[in-house]
Amino acid sequence: FAQTGSVSGRVLDSKKEGIPGATVLIEGTSLGSSSNVDGTYNIQNVPAGSQTLVISFVGFNTVRRPVTVVAGQNTEVSADLSENTTQLSEAIVVGYGTQRRQDVTGAVATVDSKQFVQGQVTNPEQLIQGKVAGVSITTAGGAPGTGTTIRIRGNSSLNANSDPLYVIDGVPVDKDGINGASNPLSLINPSDIETFTVLKDASATAIYGNRASGGVILITTKKGLQGEKLRVELNSQVGVSTVARRYENLSADEFRSLIQTNGAPSQVATLGTANTNWQNEIFRTAGTYDNTVSLIGSVAKTPFRVSYGNLYQEGIVITNKLKRNSGSISVSPTLLDNHLRIDVNAKGSIVDNRFVDYGNVANAALYDPTQPVTSTESRYSRYGGYYQFTNAVGQPLGNASGNPVAALNNTSDVSTVKRLIGNVQFDYKIHGIEGLRANLNLGVDMARSKGSKTIAATDFGTFNTNSSDPGLNGSSYQYAQDKDMKLLEAYLAYGKQVGGTKFDVQVGHAYQSFVNEGPNFLTYRLNLDTLVNRKEVLTVPGFYSKSVLLSYFGRATANVRDKYLLTATLRNDQTSRFRPGYRSGWFPALGLAWRVKNEDFLKDNTLFSELKLRAGYGRTGQQDIGGAYDTQPRYVISGSTTTYPLGNTPGTVVPTYSPQGYNAVLTWETTNTYNAGLDMGFLDNRLTATIDVYQRTASDLLALVNESAGSNLTNQLNKNIGSLRNRGVELGLNYGILRSESLNWDVNLNGAYNVNKISDLGQQVEGFKGYKVGGIGGGTGNTIQTQSVGYPSNSFFAAQQVYGADGRPVEGLYVDRNSDGTINDLDYIYYKQPAPLVTLGFSSNLTYKKLIFAFTMRSNLGNYAYNANAANLGNYANAQGSTLFVNNLNPDVRNTGFTRQQLFSDYYLQNASFLRCENISLGYNVGKVFGASTLRVTANVQNAFLVTKYKGVDPEVFNGIDTNFYPRARTFTLGLALGF
Amino acid sequence: LFGLSTSCTKDLDQTPKYELTPDKVFVNLAGYKQVLAKLYGGFALTGPSGPGSGDIVGIDAGTSDYIRQWWSAAELTTDEAVIAWNDPGVQEWHRMNWDATNPLTRGLYSRLYYEIAICNEFIREATDDKLSSRVAGSELAQGKLFRAEARFLRAVAYSHVIDLYGNGPFVTDKDAVGAGLPPYATRQALYNFVESELLALTTELAPARSNEYGRVDQAAASGMLARLYLNANVYTGTPQYAKAAEYAKKVVDAGYTLSTTPSASAPISAYGRLFLADNNMAPASNEIIWPVIFDVNSVQSYGGTTFIVNGSTSGSDANWQRIVGQSTGWGGLRTTRALFDKFFLAGGDTTRDRRGRFYTRNQSLEINDLSQFTQGLGVLKFRNVNSAGVGQGAPLNFSSVDFPMLRLADMMLIYAEAATRGSADRATALGYVNQIRARAFNNAAGSAITDAQMTSDFILDERARELHWEGTRRSDLIRYNRFVESAYLWPWKGGVAAGQGVDAKFKLFPIPAADLTANPSLKQNPGY
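Protein chains in written order, with the numbering used here: chain Z, 1 to 980; chain X, 1 to 528.
Think of the hints as simulated: they come from the structure by calculation, not from any bench. The reader is advised that the hints may include incorrect statements.
[As the list claims (entries may be wrong)] Below, a list of computed lysine-lysine pairs in the BS3-like style, where the Cα atoms sit at most 25 Å apart:
| id | chain 1 | residue 1 | chain 2 | residue 2 |
| --- | --- | --- | --- | --- |
| 1 | Z | 769 | X | 523 |
| 2 | X | 24 | Z | 546 |
| 3 | Z | 418 | Z | 486 |
| 4 | X | 24 | Z | 175 |
| 5 | X | 24 | Z | 772 |
[Stated by the list, open to error] Incomplete in silico selection of chain X near chain Z, CB under 7 Å:
| id | residue |
| --- | --- |
| 6 | 19 |
| 7 | 52 |
| 8 | 56 |
| 9 | 88 |
| 10 | 172 |
| 11 | 176 |
| 12 | 396 |
| 13 | 515 |
[Said to hold, decoys possible] What follows is a set of in silico ranges between Cβ atoms, one per label pair, in the way DEER data are often shown:
| id | chain 1 | residue 1 | chain 2 | residue 2 | range |
| --- | --- | --- | --- | --- | --- |
| 14 | Z | 894 | X | 183 | 53 to 61 Å |
| 15 | Z | 541 | X | 456 | 55 to 63 Å |
| 16 | Z | 544 | X | 174 | 52 to 60 Å |
| 17 | X | 282 | Z | 527 | 37 to 45 Å |
| 18 | X | 138 | Z | 766 | 56 to 64 Å |
| 19 | Z | 477 | X | 487 | 55 to 63 Å |
| 20 | Z | 543 | X | 183 | 34 to 42 Å |
In this text, all values refer to a predicted model and were calculated from it rather than measured experimentally. A virtual CB, placed ideally from N, CA and C, is assigned to each residue, including glycine.
With the hints as extra help, turn the sequences into a complete structure.
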């Protein structure tokens, strides 16, 4: 009856000594074993047939060995592992090196490719959406390659950058935007990524001192393995996307009758006879294909991987698309008798975008539905036959918006962006001194972008009433940008075992420079010859900035008998942004851990397979605010449209010189983080749990605050003022609910609770309500949020709506909190916050034989959003803004009956808590077929459903102001993974 | 590694490539003049990098223009102008219920002190020592003139602080950038400073009518002094009408002349030509003592006369737009019947006063709802057409009309007002008034008034007729005790349709809460 055999053997290091504790797995199963003290292992009940052994151990390269198992027999397979200092499957990449997971003292989470979000993922960060406690990832909407905001444990700063630092294969990349790419990370092919490691607390991040206040995300790309035979992998996906949730508005018939009842005669006369659903006209079913082919293997003991990816993705709004060609190479030769290891990584991509103006998306919701998309009337011929709001002779009506279909088709907003991230890292184990090694890392991150926005002559918005020459209509504008980051890092590391204690120390130096430059351009008419402003000249040929960071860092770790762990780091950073005397910052950190499980009293406990207590403190810094030269006196040369011609000499442009305000004493914002954590494993780690509590306080907050009038050359300056605090709890659970030969079920549950509060903003007078932020439409300079002491950052600040007996809001009636007879700031209330209080993620992965069923859900709770669409359009006056044309309404007008905009009513602040099913995927491992060694097919749906009470387009808007939103798509994908 | 580190350390000292450090700016007279142009341009422009850019923050960039804000404070608060928009704080101007957190009164304050700060910076770089080390001998005199002009512009900004806020922070070229919190100065102290500066400048500036277009001369200093003295009783409690008359007359006698030539080709009245796109040329330029220059192509902002022309024009009435020379309209500014009615004297003018031109088609005289642009008459005064009637705006729709900060007719009326208050010669005054009225009525018979008719109240109304929408109305009403008082009402004064008196505190604007926060040495004005 025996259909199984066994495999045994020995795992050796390069000196032919046995490696204890190495993991040996039968690939594709949960069968495996650990090696004994002498390196021997034995796996029973292995299904007969061809199998692959995967042998791995911390600090060594993983080895794969084919084996043919014969039923009822033992097969002997031994393997030599070579040491690996950077790429560890069971190790965690930390700043400037790796650590065994069990030795980590800080709050660190990893997500590897098996756990990634499946389906059409265009931007790398979407791979881990909902997967890590305390990491909130919010895309800006449904456009391909759109920007993403990532917050690790809440907003870390007020005005300075709160984004995490990305370190890709050891290169801290430029995280600022590139013109022409909505998201700089979209230039990286997610298929190349192996793991994400998120460093959350400062005891882990402080080694990156200068930019680590927002947390650090370490990205490792896929690599070849030593001794591996050559493999070809092909991943191919096709997908279709549709709009998941639309703007609400009135149907053509509802709208027509409303205007006929309430409109002025001149407005009723403008109504057309069409029934146009403008959203149907601008949304489409969009197609996507995404292919990656990679070659992985090892030639002459040199592991390598090369890949090529090709993505074409259409947006769900007409004309919107993205095309990406990407390539990556990684080679890791080992020289000098295994003493010198060289890692070469290069990732390059070329992305072609065609953008759309989100205003046109929102405009489709309000454009008059009784008008046709196109018309044969002669007055529209100058608009290419598109219907437009014009007078009888075809001239645009004042304040009228353009036909959204025409505006989208008439605008070609395209860009081509190239990016290359590359580094070469030398790791040299110094001959003669055991345990000492030197590491040199040289890296670049270069981006070249150019783009143009061309608006056709038939466009409504740029129609030139003065001229009949079509060449003088429309417009054309171009832009270009070059970005160059250069990196040099060098460190020395020394490790020594003294008795039961293992010490590691390292010291290093880093230099990083960022150059951002490009030419300036003027805007031309469509004939590309006539300037829109004929007298305009370029007074400043381009833009340029360079900033430099110079750092020294050190780390010491001690591991006492695998029970007591200590990590101490210290970093000094200097930045060119600040003036001498203010540019140096010190960032220390200390992490302690106690592996209780290894104490004698727990050694034989079978309930706990891991029990570790962690505590850490660390300080990180922030300098990323304003321009590169903001702390020094300087004069801006004016553009030619804003000169001042003393002497009345028209025609000659003499630019003016404007002195700029500056704060010469600006210095580091520092963030102190305390973190305590508990790692637990049960049932041989089938159930693991991690709990962290933290407090993070930013002080000397870099904030844009008022400067006393007359004392500087501006009225607001970035200063070091005040403080901001985040406190929270995080929980991560992984549970292998079912474990058997044919049925496995794993779930991951993570949750985080974060409370953000501004604790100080410098001196204030009584009655100061805070710094207004969060601009909204409906007038110039309107805001709905504030930064105020005692409240979360970006708290909503609104008038308190009074409701009638029928439960409906009473138009224009607000609570007069100070009873002075008028409603103004003094009566406004701080009401809710845009950031979620609680974020939850839930992933499930069920395999039954060759079937895989997985899904990811995530939820935000306690976040509110300002429904700007309802506030702007949910009133009768908006429909009748002009006597000569009418606009559609938000149906919320039925609930309020408002005749005018009530922009500041807290009625429009709506609970935007939600539960979103990020993806559902079903896969089947076909196995060997058509000469391929593996074939897997998957079917996916992303954004499968959304549960929310929120009434606007989408509750998930990062800043909480839901305006001009590009709706998220629902995407169905079919995928194919082939291996040869 | 050590050598590497040293060179790296040097790399921390970065300097801009397309912006200039001060050592590259003040190298010759041309460099000085490019900064001086910024000081003058501070009244017209909102920022250096196109019309959407802003020198100051905390207020919408386009709204932050000096003239737009100062004009709004001086005109929207009175019977001469109302506004339709919904921008934060903008309705408070006319309803007279602003407070210390109003973003617009704060924006205005920030703009005034920004101008003062950049003037101080220039004056610091233009000391005798620095000038003589950087500028060649023959150009030294020009450099000193530049410095005097910077002092003039600073004095103007301070005079507006005195007029609008009363008291406030006091900084001069003696206080370096970022040196510390400016001390608080009373209205009297600021008055003394401005008076002494302007008195000195009546000789230090270029002689009247000898400077380049757009730059100020001794007559401008006298003109600002005349305005300061005219309102001295409000500012300090001590009337100075005789001095007001003295300095007004200095300007009248300095060589500027009233524009009395109508344009035959359009036709456009002699008065109307003062507010057209070519008012930088004679005859208008003979009357305007200090113009703030605007140009459709090269001096663009969403303030100044672009705000006044576009803001007072309908967005949907192409005929109206054609009359003002634009292809757009922002649908905001109108006037009340209080101004309209001033063009019909008791007893009645028999011929038409050319100064009162209103757009009436589809506009109602009465205002039931301030936010409706069609309620209230349009004012056709500032128009972006040239003297031949040709529109200058489209397609860019910025204005080329220069704004008259100081104008001869104002000086004549200051003299006349001083005469009615017993501090100047009535016969001379009557001559001035009737010159102005003769032009207003295109020399038609019956325009002249008699000595008996020339009362103090008559002058107030005559100022409204002659100078409406030129930024003097608020000061005039305060001086006549008609700004907050219920003795004189206009539509929607105090926020009600019929008008009502308001608290006397509204004669001054509050020091913005933002600056009280930033500078604890300041004191809030009474009542706020």
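For each hint, the structure was consulted:
no., hint, verdict
1, 769/Z with 523/X, "19 Å, holds"
2, 24/X with 546/Z, "19 Å, holds"
3, 418/Z with 486/Z, "16 Å, holds"
4, 24/X with 175/Z, "33 Å, violated"
5, 24/X with 772/Z, "37 Å, violated"
6, 19, "4 Å, holds"
7, 52, "10 Å, violated"
8, 56, "5 Å, holds"
9, 88, "5 Å, holds"
10, 172, "9 Å, violated"
11, 176, "9 Å, violated"
12, 396, "6 Å, holds"
13, 515, "5 Å, holds"
14, 894/Z with 183/X: 53 to 61 Å, "58 Å, holds"
15, 541/Z with 456/X: 55 to 63 Å, "59 Å, holds"
16, 544/Z with 174/X: 52 to 60 Å, "35 Å, violated"
17, 282/X with 527/Z: 37 to 45 Å, "38 Å, holds"
18, 138/X with 766/Z: 56 to 64 Å, "58 Å, holds"
19, 477/Z with 487/X: 55 to 63 Å, "57 Å, holds"
20, 543/Z with 183/X: 34 to 42 Å, "39 Å, holds"
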